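**Q** So the protein sequences, as listed, match chains A and B.
According to the numbering used here, the first sequence is numbered sequentially starting from -17.
According to the numbering used here, the second sequence is numbered sequentially starting from -17.
Calculated from the structure, these hints are not laboratory results.
As the structure is a computational prediction, the values presented were derived from the model and not from experiment.
Heads up, some of the hints might be wrong.
Put simply, identical chains are the same to the list, so a pair is met inside one copy or across any two.
As the list claims (entries may be wrong) - When the alpha-carbon atoms are kept at most 30 Å apart in a straight line, the in silico DSS-like pairs for lysine-lysine are as follows: (1) K157 with K389; (2) K196 with K620; (3) K219 with K314; (4) K36 with K157; (5) K33 with K157; (6) K84 with K389; (7) K315 with K389; (8) K157 with K373; (9) K389 with K149; (10) K337 with K149; (11) K263 with K374.
Protein chains: 2
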Amino acid sequence: MAQQRVLIEDVQPQVDAGAYPAKRTVGERVDVTASIFSDGHDHLRAEVVYKFGKLGTWMSVEMESTVNDNWSASFYVTEKGSYFFYVQAWVDHFDTWYDGIKKKIAAKLDVSLELREGAEFLRAVAGTHQEMMRWADVLEDPTKVKEATERVMSDEFEDAVHRHPLKRHVARQEKELEIRVEHAKALFSTWYELFPRSSSLSPGKHGTFQDTIKLLPRIAAMHFDVLYLPPIHPIGKLNRKGKNNSVTAAEGEPGSPWAIGSDEGGHKAIHKELGTLEDYKRLQQEAKKYNIQIALDLAFQCAPDHPYVKAHPEWFRQRPDGSIQYAENPPKKYQDIYPFNFETESWKELWEELKSVIFYWIGQGITIFRVDNPHTKPFRFWEWVIGEVNKKHPDVIFLSEAFTRPKVMAALAKLGFTQSYTYFTWRVTKGEIMEYMNELVNGPSRNYFRPNFWPNTPDILPWHLQRQGENMFIIRFALASTLSSNYGMYGPVYEFGENTPVEGKEEYYNSEKYELRHYDWRRTNRMTDIITLVNRARKENRALQTTWNIQFCAVENPNLIAYLKKTDDLSNLILVVINLDPHQRHSGYVQLPLHQLGIGRLINVKLRDLITSEDYTWTQEWNYVELEPHKMPFHLFKMEIHASQM
Amino acid sequence: MAQQRVLIEDVQPQVDAGAYPAKRTVGERVDVTASIFSDGHDHLRAEVVYKFGKLGTWMSVEMESTVNDNWSASFYVTEKGSYFFYVQAWVDHFDTWYDGIKKKIAAKLDVSLELREGAEFLRAVAGTHQEMMRWADVLEDPTKVKEATERVMSDEFEDAVHRHPLKRHVARQEKELEIRVEHAKALFSTWYELFPRSSSLSPGKHGTFQDTIKLLPRIAAMHFDVLYLPPIHPIGKLNRKGKNNSVTAAEGEPGSPWAIGSDEGGHKAIHKELGTLEDYKRLQQEAKKYNIQIALDLAFQCAPDHPYVKAHPEWFRQRPDGSIQYAENPPKKYQDIYPFNFETESWKELWEELKSVIFYWIGQGITIFRVDNPHTKPFRFWEWVIGEVNKKHPDVIFLSEAFTRPKVMAALAKLGFTQSYTYFTWRVTKGEIMEYMNELVNGPSRNYFRPNFWPNTPDILPWHLQRQGENMFIIRFALASTLSSNYGMYGPVYEFGENTPVEGKEEYYNSEKYELRHYDWRRTNRMTDIITLVNRARKENRALQTTWNIQFCAVENPNLIAYLKKTDDLSNLILVVINLDPHQRHSGYVQLPLHQLGIGRLINVKLRDLITSEDYTWTQEWNYVELEPHKMPFHLFKMEIHASQM
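So here's chain A without its partners, still in its complex pose (with noise of 0.2 Å):
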């Protein structure tokens, strides 16, 4: 210990220290950096040491140094669950003395000492390499000091001091950090959000699952592999709100789906109306057929007719009245929903209770949960429950629906979230995207924040789709769909390009939330037929299955924004530019990121766009961009290098 000369300082990836675990998913790559130095100037070797699972076999990769003493190494994880790594380095005199003696005899200076030193070395590490003893032999014999030096001049020599590292009073990273590596489908999902209830071909009729899985051929056409349901609970019958959020709702109107439980059943129920429990069961095996995941929506709330307000008021907030506390936001009321009172003293049966509700559909086959506001119910709650349903089900996958302050974000995405809503919603410009994927991607919340991007929900009707053209819409679906790997869509709205707000806010007019919609489920438009193709893009393309790729070009027009997405191999190259501009045609010129392709000077690059199907080939690095809105407002290029130009 007091022999070590060595400090590692600041390894990564790690999450606050090692208190989380770093996420990643089957078959990314690790790329572990670290600060390591010494006193001195001897030479330094350090390498990352890692396993699979607590019982795993410990493998080790070596590191290189870049600049500033940073270092740096990776290895790929090929399994689901925990990786533990940690970094150890030590001082190499074997490899200090090998630059020191090249250097005296490039400055041909007497080194028949230093030839002496050099057989000890080779003898301290020579192990069974009988090669190498010999070797010793011919270093040590002063009678052959010109075959020696030749020797040490090889390329062999050069070798074996690589391969066999004097390991002394090696230093060792304090903590092992983990790496919790999920299934693929928790980076690369394409979901579709629709109320069953919507589902009926017949206008008027409430849609039931049945309706649903007539829905089913149309959604897997456009290629989306989850679909997300809003609550498919019984809905409250006391305090129900009505069309557009009125406070009452009239006769017949059928509340929102998140005002959770009445006489007919809680969170375990379903709304009869959607049909039995045999007939979910139905769409979800249907919809599998389909390679369609349902996502549930987890909203942990009751109406003030939940079961559990009568059979355990100790679950929430009584007034002194002994009536119980309903949501609100002074002086705003929100007299259907009753929110948990997660600090009540019964809270380890409240918490059992939830959990059982989330392993009820476990049971039932949901694998997707799609969590309704988790910000307002407490971190620790979800940290356990994610935890308890990650030991059984690895594979279960959380998104979080946290609209809400960064902080808050990143720490539900810490503590388990597998995916999160973002602010994708709300970034516009190209500024404005340019800096939010550089935050996701090269800043710390990389570690553990996933984002799924969504152009809108049924929350949120954003300005700049309020009163927009098809166009508009195109560009933000084309946005989300490429930036993100994993993202969604609120869809039939989306794809009939619905657009009427609620005046002065983000939210839709006439609402879904608090009535029964009718779509023209048999209609096609262009919105469908580019959602189709770049779905099919996405599927076919390993590069638009991350979200960590993206590398924006140059290109001097602020109305159109450009970003290469390449797999580690850069055997799949995706293109895409896009005209941020509904409204006007913008060109420009994009320049190539030659070096990051391995492009020299020699430039010969063939384009074929997937949408349009048109072929380029461009051999310049600056590559003349026109782009129409109203023909396309976007560019996705399949990208080849022709091979003799690399």
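Knowing the structure of chain A, use the given hints to seat chain B on it.
**A** Just chain B now, kept in the frame of chain A:
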């Protein structure tokens, strides 16, 4: 624990997640910041809890939230030693309730139920406060709603809510953090370096400590308070270096003081030509009368004839032929220096011996060590030995002379060095200086790295001082002495403007390191006058006694740099404006940072230039400044804000 809803993250100040203490000096303010947030929208309260010493009494100071879930609070450290602190926070339902009822009253809602809740809260927090119990009675009385409402809206009630938080389910930062508080000199010191062998008033004569005593009035007149002497030990005779670093010394050449040890003794002995230990101690006593402390050089390396080499060959690296390995940087050899081998199996004896050297000199009265090249000795050794010294002698200052890579310099400061040499020596342009100060003052190293700025050293005559006139020396001096509260100069060559380099190097020609020099110690000049005035200003103005209070001021001319230094209470204000161009007159408008100065629209600021004694009155935010370097390249303004205008 399960009911705790608050998360506390990123508590500052901390160094490497608490691995090392943060540093402050007596009288400094500690600004504690943290990210604090919970689920939901309830109100939070937070406090910093701190104590002095392991056995101290816990005190607390309330934190305030700023933006983005950041919270902060400050306290002053007044004692030398270790402070410990942590942050705790909780959801305060009393405060949440209070905010809600105020809004409901404003919206004229019925609050009778809320008043009853308030009564419960009052009783929960009242403790022995009878008045609050009486308020509770009023709030609970259905016949006194009007009186109760007025009571709630009263200032006394607001005050009670603030002073009597409802402290339930308190979340506490896991790890207590340490702040090591050192004496004021660690942050405010003014160093003068000279070679005592050159202190004789008679040309050609080897200077002695007796001669150095005669220089004390001169050094004290310039208001220096540290006199740093290069090593005063016997100089090696074997392989001694000659004039201008020549490999062999001619007969009678004195050698380098850093080649320590000969048959006359080692690190605990005194070079006999300088005098005896008694002479040294007289110098120390005489210096003390002038409030000057001696700083000794700690250079842990040996000349070939150092007694250690014979007595403890095992402390050095032995070569196959039995010789001792000298220092080298292949293909260069430094045969006059034997480095210690800290990896020796006898490391324990070596460490103890080196520690005994430090304790020996502390025993002679030394309290400041300038440590030569600490980055060529192991970090763990320094951490141990400085720790051992601090246990018994917490006031001892160690200055790290590590002109090396940033992370190495940072590590030495973290593990215990009190002060550090810096890159200031090479930061010349306005941009370089501002960027570097920003890094030092606002970067993470602010918590452990105390800069000591040197415009030159015996090893460094930087490019920008070479063959330059006096103005450049004045500019660099003014920067060092006003940017950093710790600064020093290699004195005689600086005040006499010596500027001849070894061709093509940043080294002095005819360096005093290898020969005796003679100076006309009676001569004063423009430079010594300026040094005297600036150092006096430093003594008399608290704003110049810390490095952490700098605030750069906008000035549009890139040749002019301007900065404000102020005490926390604004009772002492210094404004520095420097013309960085030694040759040309430059002018421009300097912006006063009105907000920082607490000045509103009306401006009436009196300035006295402490160098020229000229007075100015500024009545504008932007003020004209003109600096003719041949008159004076800088202003050192003492500023007073006319009270009636604040």
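**Q** Determine for every hint whether it applies to the structure shown.
**A** Quick rundown of the hints versus the structure:
When the C-alpha separation of K157 and K389 is checked against a cutoff of 30 Å, the pair qualifies both within a copy, at 25 Å, and between copies, at 20 Å. For the homomeric pair K196 and K620, neither the shortest alpha-carbon distance inside one copy (34 Å) nor that between copies (83 Å) is at most 30 Å. For the homomeric pair K219 and K314, the shortest alpha-carbon distance inside one copy (21 Å) is at most 30 Å, but the shortest distance between copies (89 Å) is not. For the homomeric pair K36 and K157, the shortest alpha-carbon distances inside one copy (14 Å) and between copies (26 Å) are both at most 30 Å.
For the homomeric pair K33 and K157, the shortest alpha-carbon distances inside one copy (14 Å) and between copies (29 Å) are both at most 30 Å. Proximity of K84 to K389 under the C-alpha cut-off of 30 Å is restricted to the inter-copy arrangement: shortest distance 28 Å between copies versus 54 Å within a copy. In this assembly of identical chains, K315 and K389 lie within 30 Å of each other by CA distance solely inside one copy; the values are 27 Å within and 56 Å between copies. Taking the shortest Cα distances, K157 and K373 sit within 30 Å of each other both inside one copy (23 Å) and across copies (28 Å).
In this assembly of identical chains, the alpha carbons of K389 and K149 lie at most 30 Å apart only when taken from different copies (23 Å versus 43 Å within one copy). For the homomeric pair K337 and K149, the shortest alpha-carbon distance between copies (29 Å) is at most 30 Å, but the shortest distance inside one copy (50 Å) is not. For the homomeric pair K263 and K374, the shortest alpha-carbon distance inside one copy (21 Å) is at most 30 Å, but the shortest distance between copies (75 Å) is not.
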